[in-house]
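Chemist: Between the sequences and the hints, there should be enough to build the whole structure, so can you do that?
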Amino acid sequence: MSIDVRNLTFRYDRGTSLEKTSLEDVSLSIDKGEFVLIGGEIGSGKSTLVRHFNGLLKPFSGQVTVDGMAAHEKKVKARVGVLFQFPQQQLFGRTVFEDVAFGPRNFGYRGNELDLQVHSALELLGLGKEIYSVSPFRLSGGQMRLVAIAGVLASRLDYIVLDEPFSGLDAENKKILLSALRHLNSRGTSVIVVSHRMSDLLSVADRVFLLDQGNLVFGGTPAEYVKHAPSHLPEITCLMKELRRKGFDVRGDIFNIDDAFSEISRVLNTKEAVRR
Amino acid sequence: MTLMIEISNLLHSYPDGTPALNSVNLHIGRGEFVVIAGRNGSGKSSLVRHINALLLPSGGCVSVNGLCTSQKKHHPDIRRTVGMVFQNPDSQFVGMTAEEDVAFGPENLGLPPSEIRELVEMSLETLGISELRSHSPRSLSGGQKQKVAIAGVLAMEPECIIFDEVTSMLDPFSRKEVLDTVKRIHAKGTTVIYVTHRLEEAMNADRLVIMDSGRVVADASPRDVFLHHDLEKYGIELPPVVALSLMLSKAGFPDIGLALTKDELLEALCP
Ligand SMILES: Nc1ncnc2c1ncn2[C@@H]1O[C@H](COP(=O)(O)OP(=O)(O)O)[C@@H](O)[C@H]1O
Ligand SMILES: Nc1ncnc2c1ncn2[C@@H]1O[C@H](COP(=O)(O)OP(=O)(O)O)[C@@H](O)[C@H]1O
Ligand SMILES: [Mg+2]
Ligand SMILES: [Mg+2]
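Those protein sequence lines, which keep their order, are chains A and B. Using this note's numbering, you'd call the opening residue of the first sequence number 9 and step up by one each time. Using this note's numbering, you'd call the opening residue of the second sequence number 179 and step up by one each time.
Treat the hints with care, as some may be off.
DSBU-like cross-link-like pairs, simulated, lysine-lysine; straight-line CA separation at most 30 Å [claimed, not checked]: (1) 183/A <-> 40/A; (2) 183/A <-> 440/B; (3) 440/B <-> 279/A; (4) 440/B <-> 235/A; (5) 182/A <-> 440/B; (6) 137/A <-> 411/B; (7) 279/A <-> 428/B; (8) 354/B <-> 249/A.
Computed spacing ranges between beta-carbons, pair by pair [to be verified]: (9) 192/B <-> 66/A: 40 to 48 Å; (10) 292/B <-> 187/A: 52 to 60 Å; (11) 191/A <-> 428/B: 25 to 33 Å; (12) 100/A <-> 362/B: 53 to 61 Å; (13) 191/A <-> 239/B: 32 to 40 Å; (14) 17/A <-> 314/B: 17 to 25 Å; (15) 191/A <-> 234/B: 40 to 48 Å.
Just so you know, these hints were derived from the structure itself, not from any lab. No residue lacks a Cβ here, since even glycine has one placed at the ideal position from N, Cα and C.
Modeler: Here it is as structure tokens:
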């Protein structure tokens, strides 16, 4: 069970003077149950790539298959949920509840089961009952994003793809979303996140893919990634690397503050002990 | 410093009754670089939308260069003085091409064509997007669109520009480019009000204002705000380096002190 991308090339505006290659011969495969991070600079093709996963775009050449079926087949829609980069544009229900229910209803859920899925998705994202009957357009930007995300989660699909889900979310909401994604992933859902918030995700992802100008330039584990791509590293990782260069004996594969804190404290304590 | 924006006891409730601002007092001087931070829903957008009269006070007063926003006759002047760039670049595009989009503002001001052309050139240049002039919005990336939106505001030569979470949908590379542009615009004398929840972007600010539940809960230099306020309480994440330096200095390494940047922390650790 996997999403397989084989030699995918894609061009927007085919046959016009604007035609340009946005993805060039990209091959990768994402297994069921994996937590995958797709990174790269703006315009590198991240959104274009993931729009192929549920058949929103069709390859110019090459293939994209989901569990063996071509990604643009209708059946695939019931397996892959995609949250776009500007999820506000994905909202349309009269109420928050209606909005979140739209996806699962589409997949045939009704009655209690539907209610349950909507409730548990909203709950997972820390959205309280008091907003269920509010119009989604009344919410703050961050809350709107969470509601759009809840719609994708409530559909209970095998693969969920989120394009820049953290942008526009504050620290609290980011934490909530991240733990919701980990929770779903631990129950077997594949989670594919397009994000430049590498520091949040490197310690969570199983695998990282990096795009550069439409080319896949890296695929591997977070630890391999640190060795590979110095210009895309979190600031904390850069700090640790520079400390090493200055003769500070700390580990180089550190992505978050807590690990950095224990590493630096350890070295400082050793130095202190030596001095005494 | 001459006072430019004066907000006194500002209250705001939306028509549906949602309270958004509660006795906000804020004075901003000409040429200042003020960062406003706070969690989602804390009232940042509601506050800054009062400064160019997109929203009007339910109580209290907002004035720009001495002109009070509650008098409708002042709105054209106020909106000329204060420009605004929003979070989502897609919703801001009005032209068929980048150039047309940037020209839209100055055209609306009724300036002569030669002057419009000059302003458009200058703005595209400042943003480093002259080569994108004939691109349609469809063929631009998010970061490029945001630069076009900023160029459009810049072309109207406002004295003050408000940036409302303009980098939140961009990748780190474009974010840095946009932030560098904002700094350049400020260096040329424009008053900058920069709304973000990424405190990394606040290090160069003269002042950091923190909002929570519709109130201003801190207003000082970034250094003083980090030292004297528990920002986690307000749902704000400290920049990693700042957080790490504070953790270390509180955990028995007081010499390290507060570091605002990676280089400051490196210097403190390996003098
Ligand atoms: N709808 C579109 N029409 C034409 N070109 C597009 C369209 N969407 C994206 N592009 C172009 O394709 C390239 C890849 O864009 P995208 O996949 O959005 O990158 P990313 O998500 O990594 O920022 C960019 O050069 C962008 O300008
Ligand atoms: N158009 C609106 N109608 C009703 N309530 C609104 C509207 N816009 C914002 N609010 C509410 O006002 C409060 C402040 O929101 P906002 O100023 O957008 O905060 P921020 O920009 O800090 O995220 C929130 O409770 C939000 O839900
Ligand atoms: Mg994208
Ligand atoms: Mg806002």
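Chemist: Mind checking the hinted window 53 to 61 Å against the Cβ distance between residue 100/A and residue 362/B?
Modeler: violated (40 Å)
Chemist: Against the 30 Å threshold, does the CA-CA distance of residue 137/A and residue 411/B hold or violate the hint?
Modeler: holds (24 Å)
Chemist: Is residue 279/A within 30 Å of residue 428/B, Cα to Cα?
Modeler: The hint holds at about 18 Å.
Chemist: The hint says 52 to 60 Å between residue 292/B and residue 187/A; measuring C-beta to C-beta, is that right?
Modeler: holds (58 Å)
Chemist: Measuring from beta carbon to beta carbon, are residue 191/A and residue 428/B in 25 to 33 Å?
Modeler: holds (32 Å)
Chemist: Using the C-beta atoms of residue 192/B and residue 66/A, is the stated range 40 to 48 Å upheld?
Modeler: Hint holds: Cβ distance 44 Å, inside 40 to 48 Å.
Chemist: For residue 191/A and residue 234/B, compare the CB-CB distance with the range 40 to 48 Å and indicate the outcome.
Modeler: holds (44 Å)
Chemist: Taking the Cβ atom of residue 191/A and the Cβ atom of residue 239/B, is their distance within the range 32 to 40 Å?
Modeler: violated (48 Å)
Chemist: Need the status of pair residue 440/B, residue 235/A: alpha-carbon distance at most 30 Å?
Modeler: holds (20 Å)
Chemist: Do the alpha carbons of residue 354/B and residue 249/A lie within 30 Å of each other, as the hint requires?
Modeler: holds (22 Å)
Chemist: Verify the CB-CB distance for residue 17/A and residue 314/B against the hinted window 17 to 25 Å.
Modeler: holds (23 Å)
Chemist: With a cut-off of 30 Å on the C-alpha distance, tell me whether residue 183/A and residue 440/B pass.
Modeler: Given that 30 Å is the threshold and the Cα spacing comes to 24 Å, the pair holds.
When the structure is compared with the earlier hints, violations turn up for hints 12 and 13 and for no others.
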